[in-house]
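Chain by chain, the residues run as shown.
There are 6 protein chains.
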Amino acid sequence: MRIKVINPNTDEQMTESIRVTAERCCEKGTEIIAVHSPIGPQSIENYFDEYLAIPGVLQEIIKGDKEEDIDAYVIACFDDPGVPAAREITDKPVIGIAEAAMATMRFIAPSFSIITVLDRSKHMNEKLARELGYSEVLRSVRSTGMSVLDFGKNHAQGLAALERESRKAIEEDKAEGILLGCAGFVDFAKEMQERLGVPVLEGVTPAVKIAEMLVKLNYKTCKFLSYSFPEVKSFIGYDNAFSDVALFKKR
Amino acid sequence: MRIKVINPNTDEQMTESIRVTAERCCEKGTEIIAVHSPIGPQSIENYFDEYLAIPGVLQEIIKGDKEEDIDAYVIACFDDPGVPAAREITDKPVIGIAEAAMATMRFIAPSFSIITVLDRSKHMNEKLARELGYSEVLRSVRSTGMSVLDFGKNHAQGLAALERESRKAIEEDKAEGILLGCAGFVDFAKEMQERLGVPVLEGVTPAVKIAEMLVKLNYKTCKFLSYSFPEVKSFIGYDNAFSDVALFKKR
Amino acid sequence: MRIKVINPNTDEQMTESIRVTAERCCEKGTEIIAVHSPIGPQSIENYFDEYLAIPGVLQEIIKGDKEEDIDAYVIACFDDPGVPAAREITDKPVIGIAEAAMATMRFIAPSFSIITVLDRSKHMNEKLARELGYSEVLRSVRSTGMSVLDFGKNHAQGLAALERESRKAIEEDKAEGILLGCAGFVDFAKEMQERLGVPVLEGVTPAVKIAEMLVKLNYKTCKFLSYSFPEVKSFIGYDNAFSDVALFKKR
Amino acid sequence: MRIKVINPNTDEQMTESIRVTAERCCEKGTEIIAVHSPIGPQSIENYFDEYLAIPGVLQEIIKGDKEEDIDAYVIACFDDPGVPAAREITDKPVIGIAEAAMATMRFIAPSFSIITVLDRSKHMNEKLARELGYSEVLRSVRSTGMSVLDFGKNHAQGLAALERESRKAIEEDKAEGILLGCAGFVDFAKEMQERLGVPVLEGVTPAVKIAEMLVKLNYKTCKFLSYSFPEVKSFIGYDNAFSDVALFKKR
Amino acid sequence: MRIKVINPNTDEQMTESIRVTAERCCEKGTEIIAVHSPIGPQSIENYFDEYLAIPGVLQEIIKGDKEEDIDAYVIACFDDPGVPAAREITDKPVIGIAEAAMATMRFIAPSFSIITVLDRSKHMNEKLARELGYSEVLRSVRSTGMSVLDFGKNHAQGLAALERESRKAIEEDKAEGILLGCAGFVDFAKEMQERLGVPVLEGVTPAVKIAEMLVKLNYKTCKFLSYSFPEVKSFIGYDNAFSDVALFKKR
Amino acid sequence: MRIKVINPNTDEQMTESIRVTAERCCEKGTEIIAVHSPIGPQSIENYFDEYLAIPGVLQEIIKGDKEEDIDAYVIACFDDPGVPAAREITDKPVIGIAEAAMATMRFIAPSFSIITVLDRSKHMNEKLARELGYSEVLRSVRSTGMSVLDFGKNHAQGLAALERESRKAIEEDKAEGILLGCAGFVDFAKEMQERLGVPVLEGVTPAVKIAEMLVKLNYKTCKFLSYSFPEVKSFIGYDNAFSDVALFKKR
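Protein chains in written order, with my numbering: chain A, 1 to 251; chain B, 252 to 502; chain C, 503 to 753; chain D, 754 to 1004; chain E, 1005 to 1255; chain F, 1256 to 1506.
Chain A extracted, bound-state conformation:
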């Protein structure tokens, strides 16, 4: 089984962390193809970043289906950028790490908080949680005030900030689980869990495992109605990456 894990930003170091995390949790027979987006921002902290990251993600999915014989895709950013579009252009399972983390947490805790990077990013997490039906169980979104890149540079300070905000989420907001709201936090989950005593999940691990499950069970994305293959039409720009979109339906 080949699972392609796409880091929607262009940061190599984060892609490497994601790859290590994905390989650590996957089955022996699973091959992880970890890539980052060929175009887009260095990190994703706002809607501008998110939207500019999506075309690169979609390119990687098209490439995955055409050239790489991929069985399932993981989109490794906690805003789940482009997931509905990705589900249109392939019938292979596509999993966002935020939706995977939230769905998994619900099996072991009745409520949770998300710890994110910047104050501004909270809007995106709250919107996504609401869309996915978690309004009643999301206790809070708390931010560390550190950017994605700050975390990359200063591991110890990042861990301290995550712990501080998580404790507030648990004690003040009564969260019974902590979701690490950035793919850049994959390295912190284990230690955080030990420190806090409540479930602490990053999203890459659950997403990879769910992808494996769907592939094994041969579950495919519904191609009736909303997620059917895109209509054939002309595309301009993107170095012609999407100009042969007509081919979708042929596959």
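It should be emphasised that the hints constitute simulated quantities derived from the structure, not laboratory data. A couple of the hints might just be wrong.
Stated by the list, open to error - Under the rule of at most 20 Å between Cα atoms (straight-line distance), these lysine-lysine pairs were calculated in the PhoX-like manner:
{"no.": "1", "chain 1": "C", "residue 1": "718", "chain 2": "D", "residue 2": "973"}
{"no.": "2", "chain 1": "B", "residue 1": "279", "chain 2": "A", "residue 2": "28"}
{"no.": "3", "chain 1": "B", "residue 1": "279", "chain 2": "A", "residue 2": "174"}
{"no.": "4", "chain 1": "C", "residue 1": "725", "chain 2": "D", "residue 2": "921"}
{"no.": "5", "chain 1": "C", "residue 1": "624", "chain 2": "A", "residue 2": "168"}
{"no.": "6", "chain 1": "D", "residue 1": "781", "chain 2": "C", "residue 2": "530"}
{"no.": "7", "chain 1": "C", "residue 1": "692", "chain 2": "D", "residue 2": "973"}
{"no.": "8", "chain 1": "F", "residue 1": "1429", "chain 2": "E", "residue 2": "1224"}
{"no.": "9", "chain 1": "A", "residue 1": "174", "chain 2": "B", "residue 2": "471"}
{"no.": "10", "chain 1": "E", "residue 1": "1070", "chain 2": "E", "residue 2": "1237"}
{"no.": "11", "chain 1": "A", "residue 1": "223", "chain 2": "F", "residue 2": "1377"}
Following the hints, complete the assembly by docking chains B, C, D, E and F onto the known chain A.
Same frame as chain A, but now just chains B, C, D, E and F:
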């Protein structure tokens, strides 16, 4: 890994179907212990049945932790009877088949309908879907008008009824996935999927796979707050099955 | 008129308090039959307790219909355990004290808070309030940190804790009414009301009065669809208490 | 005990029907004072009618408190016109017939539909049901297409229209209870119930009984925050009916 | 174009402030007819005030259509009193200042708080915001504790109180826009905006501009179903202001 | 005043229709700069199209701020693609045509339906309406089954399909207003309104008028928190269109 799959009703034939389904989908290293509740109703179609099935489910979980070295539990009835209580008395993962089926379907379809047995059972499915946050994506709950036991007796008629109601769900209600809303329907999923062309899930398979995932990742139920072990107190009746509840905390 | 008030736990002292409260508020022509569950936990503070209390409640209702010529039932625990099942097995009115308290409060206050026993019990109250449509008006659920049995042992300390949390609910959460979220609190309502100056309700009194109202008006539970009598089927265990369930339909 | 039942429109015949209904259901010791609004529309079928009916209702409440020694008020129109304002100007219980009917129905049926007069009136019923927290259980609002005054003129045709729409609500919308959504329908409830076989409630009866209950228990409207007595200020017009509003606080 | 701006209370000074604000923002070709209600309260701070203000508002709209050749109406109180009734009796656009302010704010900020006068008034704002679909974006309603008339008397103290509560809304509740929740606050918007650095809107200005827009585009209120002209019927009282309501349909 | 109206797809004919519509409704002093996206799909009918259209929209906004002295932006596609990101990169007002149409309709009708192109597009409209708070008033989304490009080719057939679906929305779903859910429908609004007799809005006109309003009032997008300018970071690809994103903050 040892996963105990508990059929909350007392029907042997259904337990056997569930066992076969669980064993078909699990990993090689997974041992399935399929049991039915020692006390309770022959089938679960209303709240009365559901509540009388729960004590037996809880007994099986206590026994599983005490005597059987179980790693995770699946409660194999589409009403997820007793799931919150089960999560209180063990820190091993507990998965209801309805919550597993709904969570899994969401990764491959943006909406779904549930096909259940009797008209009266719709109330329970709607309530559960709402509690779990699926109000916006649940297109409809449709019933076949056949009881659980009717299905056991007449496979062909059951399949026809399921197909008929599923087609209405797809065509009239615009459902993009079908959930088979009874553990007694495990045998129908594959053929239904072929006939309908949209994802068709029964819940036992997703629940077993999610249980496997949680065990492998060593994710445990949160023991802070809502799901902490029950307080020590005296219990009367139930042939003393719950009288040593004080022991929970010792483990 | 004969109203059976069922304490779902097995505590005699609490049953006696409930009986006194019910008799104090009922009409002259009303006879109160106060009982506690024959099987189950000594107190109800979590889902485990709740589910193990339900079969005993259902036994008492079946006995009430068969042997005691009961006109209506009150289930006297603030989690309303088993109410939907109880409505299936009898066409006599069945009233939970939480639903009665919330419905009554709404006629005299636009918002309210619930004061409960333990932190963990808040989850149950919030879930019930949401199910019953009170999300918008429930200001908070606050807990005293004292168990049900602690309250029984130490009246003065219990009253102080209830007052302290109620004042926080009024001042910080802007609650305009206080619901005492445990049948063990029936003795505190009058004094609390005097101290706080906002409406303070325990649930037994409203539930008994609503039961009286429904009986006088000859309003019966709807037997079409969701609450129709349970289907005939075999039951195992429970000392055969439910084995003649087939008789429901005959009545 | 003296309960004032206020018909917010100016129709004498409807006031008389309401009075008969209230007296039929009340206790022996209860005196029903049934009046209609001194100013306003002949019937209430839209927001214009509703708002013009409210000042007359408020006048009757002020008069009730000042001159008539009233213990509780019932506002007998299914739009519950002016209920929050009424709760501000008196601390005696004020009950709207729609809120009373919906709260009562919930104790005997898990869902309901409302049958109203005109198509246009549905908007008001849906809005009120949503405000009161009944969105999930309101199956539909159906209209007969007959005006309030048509019903007064043609009893048989009215009954037929109500039955026709109620049957659709039960069969097509799966309503498990029927609320007669107009105070002009009080005479139809008994016969409708017999014909339909599901609970059929008009609102006057539940409202009177709930008013009696609140008076007996000495429950008063919360005077902290939202429903505290109105601030002292000058009023113009209304033949000085509200010019001594300053007196509220003195009482 | 002639826009009638109706102050629903009877305060001349506030009407004058509203007129100045409306004239400052309107187009050259727009004539502002600013009036206050002929009957009703001096200010609106609770439901009692609100309901007694509505008949005067409706009178002014009827007069506007009959005698003044008005093109659109603005109801200048932040509770939007009588808006649905006003939309029934005219097909000219009717705009409430609260709905205008909330709709406008949403184009420039993803969330907002409302600053109102008294604690008690918060209930009305929350209810209106919920009805209009702003539950998810309303961060808080905060009150200054000063009455409408206090603001009129003490400009500096009012400004200080508004600033204090707005800062709390921004810093503690994370509001990204501030709505001044009283027509008496029109004079404060500009200075507040400068002090706070986030968008600060009073409602009169957006309402006048939206009214202008609707008139220019010749958009009229839908006369199908809910807002169709009221049915012809007799009215008592109100000095016969509504007795020729039958004329609506003729126009 | 200079308003830039951006057609997010690359279709020249549709851009021209949009330009004509915008110029028809705008003030004399308003200059309309109508452009289409430099990169992206020929039409937008699914999430894939939508996401690939957004980078081009953002490029046009950056260009508008840097080179064209634009005062406000209209994004002329009924999915409002990229609106939150657009609000981050400029402090000039940004208006999506769907949000403008829905907000405007609410001032003249209490409910509405959206008529869209393909069945699959309904998912996007429902999601957007829910996000914006219109769940309660959206009666239905109905589709014509014709693609965007089909409409461009066959005006008469398109009009007939729109009328057919609109009539169903009015008669079956009780919609009191019709929103034309595609920027390609701008030419149909006037004739549709005449045929249907309820308000019919396309979104370009309301969006342009709201943009004019915001500019005149000098209302700017909130730059505190969610919509603050994007953080400085490196971008790859897009022919360096976003590589000087650091400049945002300088402006």
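Here is what the structure says about each hint:
no., hint, result
1, C:718 - D:973, "24 Å, violated"
2, B:279 - A:28, "13 Å, holds"
3, B:279 - A:174, "39 Å, violated"
4, C:725 - D:921, "18 Å, holds"
5, C:624 - A:168, "19 Å, holds"
6, D:781 - C:530, "13 Å, holds"
7, C:692 - D:973, "13 Å, holds"
8, F:1429 - E:1224, "18 Å, holds"
9, A:174 - B:471, "18 Å, holds"
10, E:1070 - E:1237, "19 Å, holds"
11, A:223 - F:1377, "15 Å, holds"
Hints 1, 3, counting from the list given before, are not met by this structure.
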